[in-house]
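Q: Quick mapping for you: the protein sequence lines, in order, are chains W and Y. Just so you know, we're using the working numbering here: the first sequence kicks off at 386 and counts up by one. Just so you know, we're using the working numbering here: the second sequence kicks off at 386 and counts up by one.
Keep in mind the hints are simulated off the structure, nothing from the lab. Be a bit skeptical, because a hint or two may be false.
Since copy identity is lost for identical chains, a pair holds within one copy or between any two.
Stated by the list, open to error - Straight-line Cα separation of at most 30 Å, DSS-like style, residue types lysine-lysine; simulated pairs:
#, residue 1, residue 2
1, K496, K611
2, K699, K645
3, K775, K645
4, K717, K645
5, K645, K523
6, K717, K728
7, K674, K509
2 protein chains.
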Amino acid sequence: MRNRIDKSDHLHKRTGTGTQHADPKKAESLGIAETRYFIFHELVTLSGGNLSPVTLAYETYGILNSDRSNAILILHAFSGDAHAAGFHEGVEKPGWWDILIGPGKGFDTDKYFVICSNVIGGCKGSTGPSSINPETGKPYGLKFPMITIDDMVNAQRHLIDHLGIDKLLAVAGGSMGGMQVLQWMASYPERIRSAIPIAATVRHTPQQIAFNEVGRQAIMADPNWKSGDYYDGPTPAAGLAVARMVGHITYMSERSLEEKTTARRDPASPFKPTAVLEVEQYLSYQGNKFVERFDANSYLFISKAMDHFDLSGKLTNALRRSGMKALVIAFKTDWLYPPEHSKEIVRACKMAGGNATYCEIDSPHGHDSFLLESEQQGHLIRHFLEKVVKE
Amino acid sequence: MRNRIDKSDHLHKRTGTGTQHADPKKAESLGIAETRYFIFHELVTLSGGNLSPVTLAYETYGILNSDRSNAILILHAFSGDAHAAGFHEGVEKPGWWDILIGPGKGFDTDKYFVICSNVIGGCKGSTGPSSINPETGKPYGLKFPMITIDDMVNAQRHLIDHLGIDKLLAVAGGSMGGMQVLQWMASYPERIRSAIPIAATVRHTPQQIAFNEVGRQAIMADPNWKSGDYYDGPTPAAGLAVARMVGHITYMSERSLEEKTTARRDPASPFKPTAVLEVEQYLSYQGNKFVERFDANSYLFISKAMDHFDLSGKLTNALRRSGMKALVIAFKTDWLYPPEHSKEIVRACKMAGGNATYCEIDSPHGHDSFLLESEQQGHLIRHFLEKVVKE
Numbered sequence: 386m387r388n389r390i391d392k393s394d395h396l397h398k399r400t401g402t403g404t405q406h407a408d409p410k411k412a413e414s415l416g417i418a419e420t421r422y423f424i425f426h427e428l429v430t431l432s433g434g435n436l437s438p439v440t441l442a443y444e445t446y447g448i449l450n451s452d453r454s455n456a457i458l459i460l461h462a463f464s465g466d467a468h469a470a471g472f473h474e475g476v477e478k479p480g481w482w483d484i485l486i487g488p489g490k491g492f493d494t495d496k497y498f499v500i501c502s503n504v505i506g507g508c509k510g511s512t513g514p515s516s517i518n519p520e521t522g523k524p525y526g527l528k529f530p531m532i533t534i535d536d537m538v539n540a541q542r543h544l545i546d547h548l549g550i551d552k553l554l555a556v557a558g559g560s561m562g563g564m565q566v567l568q569w570m571a572s573y574p575e576r577i578r579s580a581i582p583i584a585a586t587v588r589h590t591p592q593q594i595a596f597n598e599v600g601r602q603a604i605m606a607d608p609n610w611k612s613g614d615y616y617d618g619p620t621p622a623a624g625l626a627v628a629r630m631v632g633h634i635t636y637m638s639e640r641s642l643e644e645k646t647t648a649r650r651d652p653a654s655p656f657k658p659t660a661v662l663e664v665e666q667y668l669s670y671q672g673n674k675f676v677e678r679f680d681a682n683s684y685l686f687i688s689k690a691m692d693h694f695d696l697s698g699k700l701t702n703a704l705r706r707s708g709m710k711a712l713v714i715a716f717k718t719d720w721l722y723p724p725e726h727s728k729e730i731v732r733a734c735k736m737a738g739g740n741a742t743y744c745e746i747d748s749p750h751g752h753d754s755f756l757l758e759s760e761q762q763g764h765l766i767r768h769f770l771e772k773v774v775k776e
Numbered sequence: 386m387r388n389r390i391d392k393s394d395h396l397h398k399r400t401g402t403g404t405q406h407a408d409p410k411k412a413e414s415l416g417i418a419e420t421r422y423f424i425f426h427e428l429v430t431l432s433g434g435n436l437s438p439v440t441l442a443y444e445t446y447g448i449l450n451s452d453r454s455n456a457i458l459i460l461h462a463f464s465g466d467a468h469a470a471g472f473h474e475g476v477e478k479p480g481w482w483d484i485l486i487g488p489g490k491g492f493d494t495d496k497y498f499v500i501c502s503n504v505i506g507g508c509k510g511s512t513g514p515s516s517i518n519p520e521t522g523k524p525y526g527l528k529f530p531m532i533t534i535d536d537m538v539n540a541q542r543h544l545i546d547h548l549g550i551d552k553l554l555a556v557a558g559g560s561m562g563g564m565q566v567l568q569w570m571a572s573y574p575e576r577i578r579s580a581i582p583i584a585a586t587v588r589h590t591p592q593q594i595a596f597n598e599v600g601r602q603a604i605m606a607d608p609n610w611k612s613g614d615y616y617d618g619p620t621p622a623a624g625l626a627v628a629r630m631v632g633h634i635t636y637m638s639e640r641s642l643e644e645k646t647t648a649r650r651d652p653a654s655p656f657k658p659t660a661v662l663e664v665e666q667y668l669s670y671q672g673n674k675f676v677e678r679f680d681a682n683s684y685l686f687i688s689k690a691m692d693h694f695d696l697s698g699k700l701t702n703a704l705r706r707s708g709m710k711a712l713v714i715a716f717k718t719d720w721l722y723p724p725e726h727s728k729e730i731v732r733a734c735k736m737a738g739g740n741a742t743y744c745e746i747d748s749p750h751g752h753d754s755f756l757l758e759s760e761q762q763g764h765l766i767r768h769f770l771e772k773v774v775k776e
């Protein structure tokens, strides 16, 4: 699985459309998709750490055109992965942004070559704290170097080089994916023609850091955490579940939480340590589901990367004379990364004389809207990309 | 300390003003205050539990007049106690609402007899899960009955009976104190002339419940919790600290968190499990400070009481023909119990044909504003009480 791929691999070859499904839900989709793994020699992190070798998981959909000018890089949020669209063999659930990536969708795979790159630091196939440290032959754990959004983007730049793409048509992503978009804009303005940061922020505020810190403290308070050295024993599942519960509350609007749960009350029952109210059960379910698919140390490292993110001031400077177009999308009920934060991104672009459009979508789903709003987001993205192509 | 007091104890006797201080900060205050303990025979909780005997901690300030018509009952928030104003002997910090209770202040102790009652379920001198269960001779722990805001208020009603007060001039409190005010309005409308619910809500919403549930899960995930049976060993301090950190974020506005902490970033350092950023240190300090003064089981029981609180529909019915006046105060930056929730209280009063005034204070301090805003709150309360007295 994890081997180098040939640069010509994606040229004129449709990927992610191998199988046609009778299931109408799947018929609109790309069909079967597969995660690939790109391995490169070395990444020196901003913190001076040295990762070698580095594996980056990614998927691609659609066909790279002959002048390699139709490539779009998709970047995922905190707990996301490379599997953004289509279906993995034998799995019922499609990729996390299947509503927006596919034939005729916002990121139209009949027109564009769409790449979704995983981040380093995670636990979804790319090098992270649960990977084997070649120096010790054991998982990195806390020996993994502190990483930043900057480092994630630098690793992705290696992938884009490897794919032979000189200039991306667009980079796009929501939440932490939006931060990576902004970092791409700041670090490599000459490598991208346009950018779509969604539900993002120029810097993590103390409140956003505070919510992450609660999650970290919950993980580190779990005796199974053992200073990150738990890979040959039980995992800090209870702490990680609490961390996810906090996150989950911040991803939803008050209204969407209200709609998913009604607060049935039974004060006549004695105290039970288990979830009784519907909202408690909902959170408990979310927490426990997450524990099965995520590594606690990755939670620590990735959340730290987000907390250290701060492009205020830097974005405008980087964008001067870049001629880049930006579509900035925010959601009215997002209280974690509220519209005001997206307006700051627009201001930074405009201060650089750039071409930035701000769109606020009136969705009830809070921060999670970027994962759920197919119609309006799809429309905005489709029209924006068409304009970028014409220029 | 814990003995019955005589009913005439508070008549024509100034309490809480025993000592005059040279310190100008203390000169404006009541002087030395002392917590008293009222013990009554039995309380049957809404859940069918039986507490016997029941101790209620309380303090009083000012003088009860001869017709016992100037008594105001103050009710505290989640982690508060009976010590609302003045100073305890040898302690530098005054009571939690000293900014509003004292000579010439909002609750003017030159005019009114102010009582602050602790809640049952807590750990501040009143019967709670850390109290000795007479049946076993050991702390109640999880054998403590599930309690509600209703039960808290019923216990307080015993205290008010004991003090010989037929009709309170006012009941007032913020946050969970505001919920107790609403419960007094619903349960005993004939016993109060006016009510001042501040930063409160008619019912706990799924989002509010969700934040509490995260705190409970953090406590119960701590191996020292031992199903609540930890009183002869180490306490679940790590879990309780995480619970407090979540709470603390919700009590502050984004701006006030920003002002208390700047997010200094040092991504060049390796991962440290300890707090590095200023906001992390601030939260860690708040969490650890709390652990010294609060019992984890009390956190579970009191937060459950709040989550079960739901007076929607009931308040209006209770208030019909009561002739009660209400002053409802909310804070613009309070996102935990936002102004909209206070407007619901006003609507419920008006639907009952009642006299309710709504005041929204433009304070930057979030939910915590009720503990910090002395001037505007003091003004509103003073004028409101003067009107109630004149009627």
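Q: If a hint holds in the structure, say so; if it doesn't, say that too.
A: Structure-based check of each hint:
no. : hint          : result
1   : K496 <-> K611 : neither (49 Å within a copy, 59 Å between copies)
2   : K699 <-> K645 : between (40 Å within a copy, 24 Å between copies)
3   : K775 <-> K645 : neither (43 Å within a copy, 49 Å between copies)
4   : K717 <-> K645 : both (19 Å within a copy, 27 Å between copies)
5   : K645 <-> K523 : neither (42 Å within a copy, 41 Å between copies)
6   : K717 <-> K728 : both (12 Å within a copy, 22 Å between copies)
7   : K674 <-> K509 : within (16 Å within a copy, 38 Å between copies)
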